[in-house]
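Visitor: Sequence:
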Amino acid sequence: MDRAPSYLSQSKAETILSEVRPTKLRTETLICVNVFLDELLWLVLSTARSFSTDRLKIGLLKVLPTTVGKDALLEAELELKAYWEKTGLHILKALESSPTPSATDFPLQAAFELLRHKCEAYSTLGDLDEDADVEARLQARMIQAASNPPSPNAVAPAALYLTAVLE
Numbered sequence: 005m006d007r008a009p010s011y012l013s014q015s016k017a018e019t020i021l022s023e024v025r026p027t028k029l030r031t032e033t034l035i036c037v038n039v040f041l042d043e044l045l046w047l048v049l050s051t052a053r054s055f056s057t058d059r060l061k062i063g064l065l066k067v068l069p070t071t072v073g074k075d076a077l078l079e080a081e082l083e084l085k086a087y088w089e090k091t092g093l094h095i096l097k098a099l100e101s102s103p104t105p106s107a108t109d110f111p112l113q114a115a116f117e118l119l120r121h122k123c124e125a126y127s128t129l130g131d132l133d134e135d136a137d138v139e140a141r142l143q144a145r146m147i148q149a150a151s152n153p154p155s156p157n158a159v160a161p162a163a164l165y166l167t168a169v170l171e
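Per my numbering, the sequence shown starts with residue 5, numbered consecutively.
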């Protein structure tokens with residue numbers, strides 16, 4: 005990707021920080037926070053090598069085996085539960101029955117770019133919205149990058165899960 009990640013916007017960060025005391029956040033600081041969150045997303049996904057939330061959970065606990073990681077995991081599990089209740093379990097059943105690519109066949113870079121886009125759009129702390137054209141291009145790139153690509157239906161729950169972790 006040719007731009008810096010943007011999970012957290014300047015205005016949202018300053019609003020959060022100003023709850024303690026009026027604060028202005030330097031642009032360089034915001035970039036560092038977003039790059040850190042991007043690196044965390046990469047590490048979890050590269051450890052899991054899957055969109056399966058069970059594997060993402062294992063990846064998170066390997067990358068961040070601390071109280072912070074466990075707290076993030078609980079938040080993600082709650083978000084995922086609410087998602088399944090809202091969308092219906094038929095999607096979950098379809099995901100469980102669809103084949104998953106092997107860890108060696110997982111299109112890591114393409115999957116990361118797609119998840120980054122989705123997580124930035126899902127983040128309540130950012131300013132970006134979903135862009136169907138960009139998502140379609142990233143989805144096509146991911147499908148081309150693997151002989152047995154992950155199910156497109158797995159992207160939304162994985163992105164929701166990881167967005168909760170990042171937030």
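Simulated from the structure, these hints should not be mistaken for laboratory data.
Each hint should be verified, as a subset may be incorrect.
Derived DEER-like restraints, expressed as beta-carbon distance ranges [as the list claims (entries may be wrong)]:
| hint | residue 1 | residue 2 | range |
| --- | --- | --- | --- |
| 1 | 147 | 75 | 31 to 39 Å |
| 2 | 20 | 65 | 21 to 29 Å |
| 3 | 138 | 85 | 38 to 46 Å |
| 4 | 128 | 39 | 33 to 41 Å |
| 5 | 50 | 23 | 28 to 36 Å |
| 6 | 75 | 22 | 22 to 30 Å |
Keeping only pairs whose Cα atoms sit at most 30 Å apart, straight-line, the calculated DSSO-like set for lysine-lysine is [claimed, not checked]:
| hint | residue 1 | residue 2 |
| --- | --- | --- |
| 7 | 90 | 28 |
| 8 | 16 | 122 |
| 9 | 90 | 122 |
| 10 | 74 | 90 |
| 11 | 122 | 66 |
| 12 | 85 | 122 |
| 13 | 16 | 90 |
| 14 | 122 | 74 |
| 15 | 74 | 16 |
| 16 | 66 | 85 |
| 17 | 90 | 61 |
| 18 | 61 | 28 |
| 19 | 122 | 61 |
Just so it is clear, CB atoms sit at the ideal spot from N, CA and C, and this is done for glycine as well.
Visitor: Run every hint past the structure and note whether it holds.
Guide: Results for each hint:
no. : hint                 : in the structure
1   : 147 - 75: 31 to 39 Å : holds, 35 Å
2   : 20 - 65: 21 to 29 Å  : holds, 26 Å
3   : 138 - 85: 38 to 46 Å : violated, 29 Å
4   : 128 - 39: 33 to 41 Å : violated, 20 Å
5   : 50 - 23: 28 to 36 Å  : holds, 34 Å
6   : 75 - 22: 22 to 30 Å  : holds, 23 Å
7   : 90 - 28              : violated, 38 Å
8   : 16 - 122             : holds, 18 Å
9   : 90 - 122             : holds, 19 Å
10  : 74 - 90              : holds, 24 Å
11  : 122 - 66             : holds, 23 Å
12  : 85 - 122             : holds, 18 Å
13  : 16 - 90              : holds, 27 Å
14  : 122 - 74             : holds, 23 Å
15  : 74 - 16              : holds, 24 Å
16  : 66 - 85              : holds, 22 Å
17  : 90 - 61              : holds, 21 Å
18  : 61 - 28              : violated, 34 Å
19  : 122 - 61             : holds, 18 Å
Comparing the model with each earlier hint shows violations of hints 3, 4, 7 and 18; every other hint is respected.
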